[in-house]
Structure formats: C-alpha cells, structure tokens
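Visitor: As a plain string of letters, each chain reads:
Number of protein chains: 2
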Amino acid sequence: MKKILFTGLMVLSALGIQAQEDLAQYVDPMIGTAKMGHTYPGATVPFGSVQLSPDTDTIPYEVNGRYNPEVYRYCAGYQYDDATIVGFSHTHFSGTGHSDLGDFLVMPTSGPLQLNPGTAMDPDSGYRSRFSHDRENASPAYYQVELDDYDINAELTATTRVGVHRYTFSEGEDAHVILDLMSGIYNYDDKNVWTFMRVENDTLVTGFRETTGWARTRKVFFALSFDKPIAHYGNRKYDEKQAYRGFWGRFNESENFPEIAGRKIRAYFDFDLKDGDELIAKLAISPVSTEGAIRNMQEETPGWDFDAIRQAGVDRWNKELNKVQVSTIRDSDKVNFYTAMYHAFLGPTVYGDVDGRYRGLDMNIHQADGFTNYTSFSLWDTYRALHPLFNVLQPARNRDMVKSMLAHFDQSVHPMLPIWSHYANENWCMIGYHSASVIADAVVKGTVTSDLDHALNAAVTTAKTAYFDGIGSYMEMGYVPEDVSGASVSKTLEYAYDDWAIAQMASAIGKEEIAREFTGRAGNYKNVFDSQSGFMRPKLKDGSWKRGFDPLDTHGQGFIEGNAWNYSLYVPHAPEQMIGMMGGDVRFVEHLDSLFSMDLPDRYFANTEDISREGIIGNYVHGNEPSHHVVYLYNWTDQPWKSQDKIRMILRAMYQTGADGLGGNDDFGQMSAWYLFSALGFYPVAPGSVEYALGSPLVEEATINLENGNTFTVEAQNQTDENVYVSKVLLNGELLSEPFIQHADIMKGGKLTFIMKRRPNKKIFSKD
Amino acid sequence: MKKILFTGLMVLSALGIQAQEDLAQYVDPMIGTAKMGHTYPGATVPFGSVQLSPDTDTIPYEVNGRYNPEVYRYCAGYQYDDATIVGFSHTHFSGTGHSDLGDFLVMPTSGPLQLNPGTAMDPDSGYRSRFSHDRENASPAYYQVELDDYDINAELTATTRVGVHRYTFSEGEDAHVILDLMSGIYNYDDKNVWTFMRVENDTLVTGFRETTGWARTRKVFFALSFDKPIAHYGNRKYDEKQAYRGFWGRFNESENFPEIAGRKIRAYFDFDLKDGDELIAKLAISPVSTEGAIRNMQEETPGWDFDAIRQAGVDRWNKELNKVQVSTIRDSDKVNFYTAMYHAFLGPTVYGDVDGRYRGLDMNIHQADGFTNYTSFSLWDTYRALHPLFNVLQPARNRDMVKSMLAHFDQSVHPMLPIWSHYANENWCMIGYHSASVIADAVVKGTVTSDLDHALNAAVTTAKTAYFDGIGSYMEMGYVPEDVSGASVSKTLEYAYDDWAIAQMASAIGKEEIAREFTGRAGNYKNVFDSQSGFMRPKLKDGSWKRGFDPLDTHGQGFIEGNAWNYSLYVPHAPEQMIGMMGGDVRFVEHLDSLFSMDLPDRYFANTEDISREGIIGNYVHGNEPSHHVVYLYNWTDQPWKSQDKIRMILRAMYQTGADGLGGNDDFGQMSAWYLFSALGFYPVAPGSVEYALGSPLVEEATINLENGNTFTVEAQNQTDENVYVSKVLLNGELLSEPFIQHADIMKGGKLTFIMKRRPNKKIFSKD
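From first to last, the protein sequence lines are chains A and B. Residue numbers for the first sequence follow full-length UniProt numbering, beginning at 1 and rising by one. Residue numbers for the second sequence follow full-length UniProt numbering, beginning at 1 and rising by one.
Certain hints may be false.
One copy or any two copies: either way a pair holds, since identical chains are not told apart in the list.
[What the hints assert, rightly or not] Under the rule of at most 30 angstroms between Cα atoms (straight-line distance), these lysine-lysine pairs were calculated in the DSS-like manner: (1) LYS264 with LYS237; (2) LYS228 with LYS464; (3) LYS264 with LYS241; (4) LYS237 with LYS464; (5) LYS464 with LYS546; (6) LYS228 with LYS264; (7) LYS728 with LYS751; (8) LYS751 with LYS767.
By construction, these hints were calculated from the structure, which means they are not laboratory data.
All chains, please: the whole structure from these sequences, using the hints.
Guide: Laid out in structure tokens, this is it:
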C-alpha cells in the first residue's frame, strides 16, 4: 500500500459551520490500478477535464489486423504490475470497460535523445523509463515518481483544465521533454486523423490532435508552456506519406521549425539546465481552440507555483470529501470510503473552456449558458447509483449534467439523449436509454426543477427512436426479438425500466397521458419471462422462445455482460410483481440464496471483458453492473435480513485497499457509488423512485453535509466486524416498520440510526 | 466561340451619374479553359468564395507513387477538350500553376445509381456524363450544360458564399444527387484527412471536409439545402479501415443514417420527381463551421428564385465591369477586354462568413473587424500588375487585401507575410516576399493610409526572416549563393526589388533609416551580374560564378521558371542602372530586340510546367510572369517606340477569343491585368513607384470610373489595326515629353490622349 501524504489539517469549511477535515489523506488513488479496476493514479481535481497520469504502456488496439485483448488492461493507461512508465498523458477515463484518450503524452528524459517509446521488454530501446513503487506517491491532485533511467523526479498536479508538471533533473545537461502526439490509449493504427503543432515562442507550444477511435471525430487542442526557455527543439514525422511537399522542401522541418502538421508526430524540446534544476511545464487543454487552451491556462494557472497549485487542488478535494464525514471501525474502511468518494467524483468531467464554450455533437462551438458543460457519460453504469448519489451529494453538478445531456440531445442529429458519450461524440456503448433514468431521478428528487417539458420530451423522443437497437420492434411487439437485435432480453428489461422512469417523470410534472403510455411500456419485462424455466429468456419475432437456453451462460443467450440468473432479476421498478411472477417469496428467496452460493464455472463468462473471477460471489456478479441492485431485493421478500450479511460481505470482498483492491472496473464511479450508498446503509434500487432500500451500514457514523445546508446523520450503534445484522432502525428516533427511507428524509436533514447485532433479527420489517 | 447571353440592357449606375452598360455580355468565361489557361467556366461573383464549376476530370496527383504530369492540366478542374463532366464542385482557383480545392462535388444523375465517377474512356462505368459544347453556356454568374447521359439540364449560379444548382430532370423517377466528398483537384491519395456529414432533416445536409494537399491543413464546412424533400439517401465509405466499430454495428450506416464520418465517403440523395421537374440545390461554404455555412446560406440566398439569384450576380458583375467602359476597333477586343477584367476580378477571394468570422493561420477563428478578409494570394504573379490594377480599379478591396495580409502576418507562427497562401494555410509557392511589394504599392499610391507602422514592420520583419529561402545568406553576403539555395539569381533579383519597394514605403511614411537600409539592399542585383557574359548569373558561397552557364536554359541555371536572357532584365526598380550595367542603350536595345526575335529551342523549357510554346515570342516568355515588365523597358532607352508594336503584338497573340485564347496560365488574374493595363496604354513596371510606363493602347477609348468619383479617360486617336505606333501623347491636352504618367494623374481624373499612326515616331520621348 502507498504512503499517504498528509497535506493539511483541519481547516474551516467554506460552506458553513462544519469544520473541514483533511480527508484527502485517506484517499489512495492507487486502489484499482492493478488488474481490472481500470483506475488511474495520476493528478486530477474533482470532475476535472485534465487527468494527468502516467501511462505504463500504450498498447496497439490491433495486432496484424486483429483485436489485441491486451489493450483492455490499459483502459486507464496504467497497470500497477508494469515496470516502466512511457510518459504522462493528460486525459484518462476512470474505471471504464472500453477506452480512448491518453492525449498529449509528455515525458522528460536526459542524455541521448530517443524519440520512440521503446518496449516494456527492452526499456532502453526507447524513451520510457523504469520506475519503482517505492519511489512513487499518489494522492489527490498529486502524483510523484522517480524516473530511474534518467534520475528525474517527476511530480504532477492539475487544475480543472491544466496539467502541471515539475521535473527535477539530476543531470541538467541534455534535458529533453518529449511531446508524443502519436501516443494514445486504445491506440488504433491510423487513430490520429491529424495533429498540428506550433512553437509560438521559446516557452509556448500550441496545437491540436484529432482522432478517430472510440469517439469517431474527436478534437482536443492544447497549449504547453515551460517556465524556462526552450534551447532547441525538433520532431520526427512517421507519416507513411505526405501529400504536397513542393516548396516546403526549402525548410528543414524537423529542427527548430515552428510549425508542423501530420498524422504521426513526436516532438522534443531541449533545455539548458544545471544539475538539480527544476523545470515546470503546464499543459492546458480545450475542446474549442488553442486560443481557448491558452486562456484556460492563464486563468487557472497564472503563475508557476507548483506547490500552491497542488494545495489548491487538495483543498478542492477536501471540500468535496467533507460532504460526508465518517467514523469507521477499521482505518482501512476510511481509506476505502474516501477513495470511493474520490473515484465517484472523477466523472463525468467538465467539458468546456473557462468562458463556457465547448464543442457540440454537431461539431459547432456552443456557449454553455448558465451551466457547466460535462462529458463522458458512462450511462449504462452510472444511472444506477452514481447519478442518484449526486442527487444527494452533488445536486448542483447533477443539474448541470442533466443540462449537458439535454444540450447533447439538442445538438445531436439523432433524436436521442446520450447513450455513452464523450468529447462531443456518441460512442453508442452498451444498451438502454438510461439518460432517461438519470433525468427522471433528478426530476422526481427535485434536483432539476426547470425546463421540464424539454427534459421529458427528450426522454420520450429517445425512447421512440425506432431505428435504435430494436426499439421499433419493442414498441410494436412489447419486446425486442432476439432475431431482430441481439442481447434482446437485456434490452427489453432495461427499456422497460427506463420507460417506468419516464412515466415517473411524466407523472411528477403532470403529463398523465405520457405517464400512462410509459407505465404501459414499463410492464414489457413480462413479455420475456418464461414461466416454465423461471427465467427471463430470449424470444423470437414469431413469439417462440429461442431454443438452446442455458441460464448460466453469458454468451448468445439474449443477455449482455450477464446471464439469465442475474439478469432475470432486472425489474428494479416492480420487484413485487417480479417476485410474484417468479413464484412468490419462497421461490424467489431460494433464487437469490442460490445466486450467492452456487458455483459459476469460468467457461460461462470467459471472454466477457467486464466480468472476471475477482468480481464474482457464487454466481452473483458484482464486478459488473446488472446485479448491483440485486442484494437489496431481499427487502421485498419476507426475509429482508438476508441482505445484511451479504452487503457487508460484498463491501469487504469487493472493495479492498491496495492496487488490486477493486473487484472489477470502477466504471467511472458506479462501483464506488454502490460502495458509498451501501456503506451508509441505504441504496437507490430504482432510480426514478424517491425511495431507498435499507441495508447494513459499514460506517460507525456518517455526517452528510448537504448542499442545502442541512445535515443528515447515519449512526450504527454497536457496529463491529461481527455485528453485521440490523436489529432495528430508527429515523429521527422513530422505529421504521419498513426497510425504506425517502429522499426527502435525507434532504431535510435528520438522523438514521441502525442498531447492529451479531445475529439476524429475522422479524425485522416483518410483513405480518 | 460561345453564344453570349444578353441578360439585360442599360441600367443606371448605383455608383453615380455614369450609365451602366451590360458589359457582362462581352465576358466569355470559356476563354482559357483549353490547354494551359487554367481558368474555369463555372459560375461565380466578383471575388466570390464559391466558384461553382464543372470538373471534367479529377486526376490523381500520383500514379504508382510518382507525380502524374497529367494533373497539371486540371488545375481548374475543367479541360475544354474533354468529353465528360464528373460533376460540379464549389471551389476552384483561376489560372493557377498548381492547385488544390474542388470541394464538394455535386452531380445529378438518374436511373440506376452509380457511386464511382467512372473514367473518361468509359463514362458509362460511373456517374459522370457525356456533354457537348453545343449544349453548354457560360457567362458571368451562370453556367449551363446538358448532361447527355441523363438528359438532365444543369444550371449553376452563385453568390459570394453559396453555389446554386438548378437541375431539370427529363426523367424524374430515380433522380439522384451525388455528393462526392472524395473528389478534389490535385487529388492526392490520402488527401482527405477527414470528412463529416449530417443529414439534419429532409432538405438540409451539413458537414465538413479536411484535406492535406497544397494547403497542409485545410478545413471547409458546408450546408447543402434542397427545395424538395429527400426521399431516401445513403453513402458508401471507401476507407481502408475504420478504427472503432463496436456498437456502431447496430446501425446500417450506409442507408438513411443521418451521420457519417470517415476519410473517403460518397453520398447520394434520391428524390421522387416527375418527368420535367426542377430540383434546386444550394450549397454554402464556410471556413468556420456548419453553423456559419447555414447562416451564409440564409443571408445570401433566403429563397429559391434561381433566376433572381443569377440576375443579382450578373448585376454585380456589371457593376464591376462598368469601372472601365471601352470602345474598341474590333468586337473581339471587347470580349478580350471584359473577359480579362472578369478574370482579374476572380481573386483573391473572400474568405470568411457573412458575420466576418474566418479561420486564421493559427487555426483559430478570428473576427475581421472593419474589413473583408481575403485569401488565395498568388503573390509571385499578382504583385506585378494585378494588385497595381486594384489600386486603380479596386482600391477599397485592395485595402482589405492588405489588411488580410497583415492579419496573416499576425496569425502566422512564421514572422512573415504571405508568400502564396490560401484557406488559412501558407503553401510557400514560388519565391520572393512580394507581399512587401503589394503593401508598398498600396501605401505609396494612397490606397492604404492607416496602420502604416504595422505594415512596414510586417514587410521589414518578413524581409529579415533568415531561415527563409536563403535570406540569411542574402543579408550576409548581398546575394543568395546557388550552393545555399537553388534558383539563387531569381531570388537575389526579386529580393532586391522587394527591398526597394520596402524602402519606398519606409520613405513614404518617414522612416528614413529603414528606407536607407533597404535602398542599400535594393542594389544587391549588381552582385549577381556577370559583366563578362553580360547576364545575371548564379554565384557560389565562395564568390565564384557557378560553372557551366547556359543563358538560354531554364533548368539548373540559378533561375526559376525563366532563363538568364529573360531574368537578367529583372531590375524593374532601377532600369537605368541596369541598362548602364548591361552596356548602355545600344547594347541593351540589342538584347531586347534579340529577345523578341531569336529562336528558343523547346529543350530549353521542356518540363517547365509554367512555360509552354503558346506563351513564347522568340525567347520572350509572356506566358509566365518574370518578363511581364520587359517590353516596357524600351522606355528607358533612346528607342521607346520599339515597345509599341510589340505590345500590340503581344496583346493580339497572347490574348485571343476561344477556349484556347490564352497564351499561358492566367495566374489568378496577373496575365489579364497585364492585358488591361497594356490595352489602356500604361503599365506599372515597378510597383512601389507611382509611375506608369506608357505603351501603345489597344482601345479606341476607355473611361475609367474611379471609386473616388473621378473619371479618367484614355483616348487613342486614329486607332486602327495598322496604327500600332504612337506619334504623340497628351495628358489633359498637354504634350508629354517623357513616356510616363503618375498614379495621381489617373486618380484625380483627366484624359490621356494617344495619337496613333502606322509608322513609328522614332523621336518620341527623345532624350535629346
């Protein structure tokens, strides 16, 4: 485990009376950087546009024209077990199951110049450097590593739109900074559409990079500034061909030539330094222009005080982390709790310049009027718990995220809200139209109170886009036929849930006709339930069940990233009806119990990238999203106590300290949001409802400092490692008879008290 | 010769009292479209951004990795002798000797859809169509052709930023409009960096095309609107590979899918028409955004009245053409005169949206504040006579062109004014820094009166950019050594001239120190004169002459697109000193006489693209620029009359009616500007001087209606085909004793009278 830097002590809260603690000290950005967590250890601020982080390899997406499965490990650029660092790039997704970005890789070196990255097997063959975790530190808004091959100490910090590098060169002679415009994450051959670079003067470089990858048409601009003059510079161009040469031939474009463009360029900047000298580099990004990048840099980092910029970043983290102040029975729980909060607050990320301008889906430049524009919506993941968490902890930001989604809708040529969108592109990843859920949840919970017709219209229009992923058949037939569109059961179930969410929103704003229509659609889950097998099951166009059904298999069975055992439980909006449909409480509890205890052989999920052994308990797949609500379903049976030990087990098993502490991709905070809710004792089973299902808290006490100034406290009396069961629950001193609380209970402030004990209270929330 | 459409009669001038004639009727846009004129016949308005013109072939720049010399014939997209038309694209250079553009090729077809252009040898193999000049008409702002393969009558017109198409389909069923985003002029493989297209609704399509070609990083946006709904649409994508497919696989992107992106795309739009139906399409371009293109379309072409748009274009042409009203002894002279005016007013072209926004050299979007921004500066050509012509006929526009050049200087990362720039790119074509000449000429002639320090500083800074094309050595040694930079004599001579121009500007604004410095540099032409051979000659670093000198050869002799015989005369700013240096009047006149009468074997200019037999008289190369001032040099000798018959001969030989009427590339109006000045009887031998050398007018009478409201009249008494000599000249009734007039003489209005006769007056302007 990493050493944790103590960067400050108690400071007074800018928000109010609550004293701010230095909670950033508990965050360990290294958690999740090994195996399949897909987090990155680098420097960033809450929801920052820049994620300045080391890339330990930049693996090609294809080898000999075929998909390279190795690339999946490098979604966030960094793998803890690697021995070398290629460089520090400025954009990274956190925890995603596909990737992109890795823009503007910067690497300091010394000695003879090398312009290719070299290989992990033979680091000396390129500019990469060996490093050791012994000489590496990661904390909020700060990352430090000793680059052993060059004896360079590299430190990174960031503001929202600027990455700041401080390099200390042991040997100042022959000091280089490499700017690799070819490097990237998920590095398709030909991914670079075009790159452009200008050396504006002896300390400022600008340019852009356009890529086609996960985002089909993505353009990021940069401005790179040094605190010491460039002594000499150059580049190498690896383009297979160059269209027109002609009179360009009069120049030596590869040395001290201030303007270069092409598809494949690596540039370098040499500095005359003395041994031990520091060099500070700031790189600002912009989706709009180099002018925008320069302005971002000027406004966010006017000076060269690395330590002050870092401290401001830590302060911003502390401000966010202090929204929940917890005490826990184990120190490591605090590390997990605040690291989960840290991961939950990494995205969606701010997308736009300090002046509010940003690139829209139509590739035009738009002005965000009265809101901050966000991008990178991993919605199939984050609608479940992350956006609901924001409705508690970040309502102002979530309101802006909804506005950003509506702007996407307005700008897109498709009449659709985002599916998985990043950097002014829709990448269409995964299924459903879960923007509708996010918006509905924000509306019913009072986060979003204006522009409601626009919001409802966007959701309804999205849900009626017939050409998208079987929606046409779904509207016609009440289900997605497997022979029309694969993963048809997953789609049918998720559409039905989203439809219910739309109905809730429609109802909340008095559009009863739409509410009725979508309440009707919300029942479509029934159309894929096979009462004979007791599972949801793929149906064909002709109404018959698809043959050859195996409810354990995740492949070709009508599901995506899940099997029928898990996905059959996906009716979060109508658990009672689902339980009835599946044979009533007894049979349903048997199903759940079996899920957690049965054996799932590897072959059933092999080659499903988002599911790995680490994330599985029995046949329950926590490492991927479709089951995140499942453990809470016991609440709708006569044995709600059965959720309690399992929640504690999941919290402990799937969220551990250490680089390999996460049981699966963090999925841009969704896994972490599950942890945070569950650790606090409640969970939003069906976003779009104002109800939370109660579980078994992990914390001893938690004070939630709400944006509205109220305080909601969770207390777990008799909390120990053994006392995982809840004997009773009180809300503001009143005994709860049902395992649910309401959103308003939280927002108006108050206290939720769990009385913990070693053995289950099997009568708790008894239906009798 | 083409039929000329009579589009209107006399209308009252918007400018003032002068009645406007329908002079557009004399313009024949077909002139220069055969062989090497490199003009285009399509529809455009004066200085318009859009040049909507047929492309008869789109030849690849390389075949099997080697330069394809055929491509040179297609600089303007159209070759008169071709039998097929590929389609109508929206951007074309006029008369250039290298090319680019050809953006957004649109082609109407009917019957079975074909999406490849096919070949000239086998037109049926693709969407191209046969056509005949019998069913083709070209006039200002209008082009019409019958597409024989489809029985479609295609008509084109344009506003500044919008191309308007009217297609009449004989067979309305299966009517298609193809939008070929791959097609282009000088079509390098891989020229398309990226293209992007959105079908916004059933009548509007938007997108952009980014290319790397002559312009390295060029981006043009479009908006395409139809007056009838698209019934069905699709595209084919020819990209070798596509980076990420993933969830895009759920769509059929090739049919009725509203958003497509890639490197190589051809799209089509189908319409349900009846036989004989018209379809109107408007395509607006923008250097800024699709939003900008839409706004350009809305403001410039709010409706669908093709004929009204055409008439407005004709009116604009008439307004410009009426700036000079001539009478001539032959009807064909009027055709040549007004066609020359037409060609002279095709460029530089407006570059920016209706709101004044445009893309700058830094790729940022700039606002043209108080001026119209122009691009496509073919300066090695146009500084000679075209910009000087603008100082007479288009001072307001020339002022804005100077502002555009200064904006270029401010935005470029190179401390340089444009060399040959187009579409926010410097293509560096040819030599010298002739922006300095253009600006100096505009300053000394009073066209540019503000921001003078900025202008002088830009010129001086440009002239001191040591890394450009031997300037470093030139500044150090007083000449460009051939072993440092090829074409060293041409460079030395042109730098020396430009330096003199800078000195004139410095002097005009009272910067005497700079004037002295550059007057010094202006004498550098002496350093490459070899008194032994009597020619300018390439010198090496060590001060010795390069061996193996052949003054007739255009290859490897220190000259570019010229030989020593022609280029040795390039001291336009100091003819007297040059004549002295070359041995005095007698020897110099012998040199000139020989130039026009000697034989130049083909081998001396073979493979020099800009020189062809058609443009040569003796060893005098009129078809290319370096000699354009030469015939006027007789004025500095004791035999000025010797210029007179030769001017008449050149006017008649090099400028004829018919598609093959031009003696060489029109070079964006420079050839035409030579014609116009010479036909009017005077010529700016050294731009930067306020003096014009007199020649022998071709017109009978010409009234120049100046922007300042004054009128300057040229009268040639006794003008006949035989009376090519001038017996005397009167300015405002006063006999001229020297063969020069001043710019102020013109601008204040007045009358210049030439008395013509059959035999030379050998005493005219006698020095005695």
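Visitor: Which earlier hints can't be squared with this structure?
Guide: none
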